[in-house]
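Chains as they are written, first to last, in our numbering: chain Y, 127 to 452; chain G, 41 to 374; chain P, 7 to 318.
Treat each hint with caution, since some may be false.
What the hints assert, rightly or not - Here are the simulated BS3-like pairs of lysine-lysine, each with C-alpha atoms no more than 27 Å apart in a straight line: (1) Y:K219 with Y:K195; (2) G:K56 with Y:K367; (3) Y:K309 with Y:K219; (4) G:K56 with P:K34; (5) P:K206 with P:K220; (6) G:K129 with G:K99; (7) P:K204 with P:K220; (8) G:K113 with G:K165; (9) Y:K367 with G:K109; (10) G:K129 with Y:K367; (11) Y:K309 with Y:K283; (12) G:K129 with G:K109; (13) Y:K367 with G:K311; (14) Y:K218 with Y:K283; (15) G:K165 with Y:K367; (16) G:K113 with G:K129; (17) G:K113 with G:K56; (18) Y:K219 with Y:K209.
What the hints assert, rightly or not - Pulled a few chain P residues facing chain Y out of the computed Cβ check, cut under 10 Å: (19) L48; (20) L51; (21) M52; (22) A53; (23) L55; (24) P76; (25) W78; (26) I79; (27) L182; (28) L186; (29) L201; (30) A212; (31) W283; (32) M300.
If you are wondering where the hints come from, they were derived from the structure by calculation, not from laboratory data.
Quick reminder that beta carbons are idealized off the backbone N, C-alpha and C, glycines included.
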Amino acid sequence: MLVFLLRRLMQACFVMIIISVISFAIQGKLGDPVQQMVGMSASPAERAQLREELGLNDSFISQYWRFAKNVVHGDLGMSYYYKEPALDVILKKLPATLELAFCAIILVILVATPCGVIAAIRPRHLFSRFLMILSSIGLSVPVFIVAIFLVYLFSVKLNMAPSFGRGQTTEVLGLWNSGLFNKDGLSHLILPSLTLTIALMPVFVRLIRAEMMEVLQSEYIRFAWSKGLSAPRIYFLHALKNTMLPIITVGGIQAGTLIAYTILTETIFQWPGMGFLFMDAVSRVDTPLISAYLIVVGGLFVITNTLVDLIYGLVNPTVRLASHGL
Amino acid sequence: MNLLSVSNLNVSFRLKHQDLAALIDISFTLNRGERIAIVGESGAGKSVLGFSIVNLIGKPGHIESGSIKLENKELTTMNLRQLQEVRGKRIAMIFQDPMMTLNPVITIGDQLVETIRSHTKISYKDARNIAIEKLHHVQISSAEKRFYQYPHELSGGMRQRVIIASVLLLNPDIIIADEPTTALDVTIQAEILQLLLTICRDNGVALVLISHDLGVVSKVAERTLVMYAGRVVEEGPTLEIINDPQHPYTQGLLNALPQMTLPGQRLNQIKGNMPSLAERPTGCAFHPRCPYATPRCKQEQPGFIHSGESSVACFMVEDMLSEFADQSDQEVNE
Amino acid sequence: MRHLKKDLIHPTSVSRWSHIWSGFIGDKLAVLSLVIFVFYCLFALMAPLVAPFDINDPAFMDLMNAEIAPSWISNDSRFLLGTDAQGRDLLSVILYGTRLSLTIGVCAVLIQATLGICIGLVAGYSGGRVDNFLMRCADIQLSFSTMMVAIVFLAIFQSLFGIAMYQQLAMIILILVIGLTEWPLFARTIRASVLAEKQKEYVDAARVMGISSKRIMFRHILPNTLSPVLVIFTVQIANAIVAEAALSFLGLGMPATEPSLGSLISAGFSYMFAGSWWICVIPSLTLIVLILVMNLLGDWLRDHLNPRVYKD
């Protein structure tokens, strides 16, 4: 277990270093901090002095080292637009994005699992065929078009759910502002989370179905039948537990896609989350904010991947043995 | 009354364009505590026969006609719920590859306990005690520890023992063992076979042993069915079949056993291969490989000729018998 | 020696392809998909000939004609599918947009395929450390989704060089970004089939006969890995088109002056609330049908050529 965690940690560090180099590079290239601090009026001599004081004449490595040290201390510079520490600005928007993503993930798990299982058990049933056609179409409709149609149908035509913003939020335990605990917030959550769910669903339904069908062909399932076990026990314990292994792996890979999709969804629904903020920052060339976003997203990415690996290890007994042995 | 009686069983695989017959007109009976063997090359349909007894033929397999009776209950027409009552409790199965038979993500103990608890209403603790007792019974050391382990932590022979233990949990009337030793090391094969034999003998359990190895069969089974291309071609007491095989196919199988050849001598093999289901020859399916084939064999399917306790489906034997009968008639006439 | 020569003949035979072809003709959905796809390709190729208006003509953009509904609603026979907010004929713009989307998709996938096939061949054929390293790279690349990498990269590029410069280079950058991020899928598939092919006798035979490893890879192994490549190629073009559309939708792709399907949809989105749904809906449908058809073709190919596309 320890070795496994160490290896994961090393991989995480590697990813974080790449991301920090990228964000350092943009920061160095884009915003001239001297310009930001003294404005146009300063003389070249004053500027040169300031450059020296700020250490901008140092080597690339030592500049990066300073930047990395600051990053570790949570200092990513001030946002040009908000005039606040960039990290604070991003973290303030984090709960909105996380809430959206969690709702979507939970919806996907709750709906895709039974659908995939049913489609695998009864591949010839009308419902399964309908499901497969639906998922084929779903795979072919890009996220943003899903969002557009949902907005058109539910906001413009039926006027059932609001199409932008996050609505009312309540503070939970003084930690973050949540939209999950009041009606207005929830109603604003419907369309964005539905969009994300529809975008992720087809992949998972198809994957669960394919894996499940393969597992159902296996000898241990036949043996379970020959023991006279009940059908639900065989499908939902024996088969599903084995189906989960590849699904978890793919779920981890989808983490990056989910982040990209939240950017799209948040932009369309003007959901005040990190993705929306990021696109804003891009159009305003707010460099510290861009690099802060990259670092936070990189961190999230690493955390989810580690979590996914841990869950995989918990479900798959062979992994546990390997780490015992080491 | 027979414990199990299979009569005129026909099983086929339903494909898009055609039905392929996998089992044709199979009939046999099994008495309480009797051990029979089903022998043939791979593809003869012996596994299909084993699985069709408990209606577990994989898709697209399908029982076309015939009946399978457990005492007086018809198995072919049972619904899933009734079948679940029979499976495991009355008829249990042992599969070929112990590496694939146990679910890799569930502990040995849970796989044993669930079998008991899905047939009888007892507490987990009692079920656990029964399971551990059975693990001891199949000579698994430190059974308490094994109970909490996962299948991948056990060796192949050990897993096959676990499977035998799981089969014994509910004291079934019949055990169907589909090539139970084929996937194991040679040294372990004999142990497992011995274990199976002792257990069946001690508990009075009837055994259907499916094997391609006449050597294995001769040590365990009292009666043997030889199958070729979906049909039974010869049936009789194992000793008789081994000492005096009638059907040319059985003779070929026996000659192919390594112990039947002298050192350095070329191994005898039956020339040619078992035909696939789609290209079954007309008449007696064995005729393209049979050294004694006559034109009649290509056209007609031979019926069973009974002599004593054994029966065989071959024209050559039929002709020999009728010649013999003619001779004795003549002798009587003279 | 005769034996060796016989083994050197590649297992893929002509009869297999003709068998697949006859199966294809029997499948109505597959034929329909192919017909629609060919239809798309033809119209995209001949957009300048087929389009009712010349989009490069300054008179093409006429605000007097803005937001005219499709002809079956407005009865304005000049514009079959209506006009957009700038008074451009929607049909012409869509034809050119499809042309652009397809071009970007195909070019991007060509880059992916070239890169992926080379890396996959090298990894599969050389094995060992090289293989390990390349596949680790593929893993990492794959775990950052294309969309995420592309968004970040394009955002950075846009802020670095300014929007004006970006718009000029948009098409090339899009092709490069989409092309460079999705190679692992090809690489893994090729590697898997190379590993499988490597076991076969004809490769051994070729090696015994002293044929160089480069030649073995390109002349002997590559042709046998074609069917999985074909499958991925089809599906990947669809994915590339979707990626391009999504990026354009975010304002990171093609500019509104040179619209692809994605930028058309993006531009139309804001007019939907005002009731001009066609500006957004018609390009969306065009895109959906194109992607659906390509995915169906890809599905059909995968089911019938039956290559094992490397899963996770």
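Exercise. So which hints don't hold here, by number, going up?
Worked result: Structure breaks hints 2, 8, 9, 13, 14, 17, 19, 20, 21, 22, 23, 24, 25, 26, 27, 28, 29, 30.
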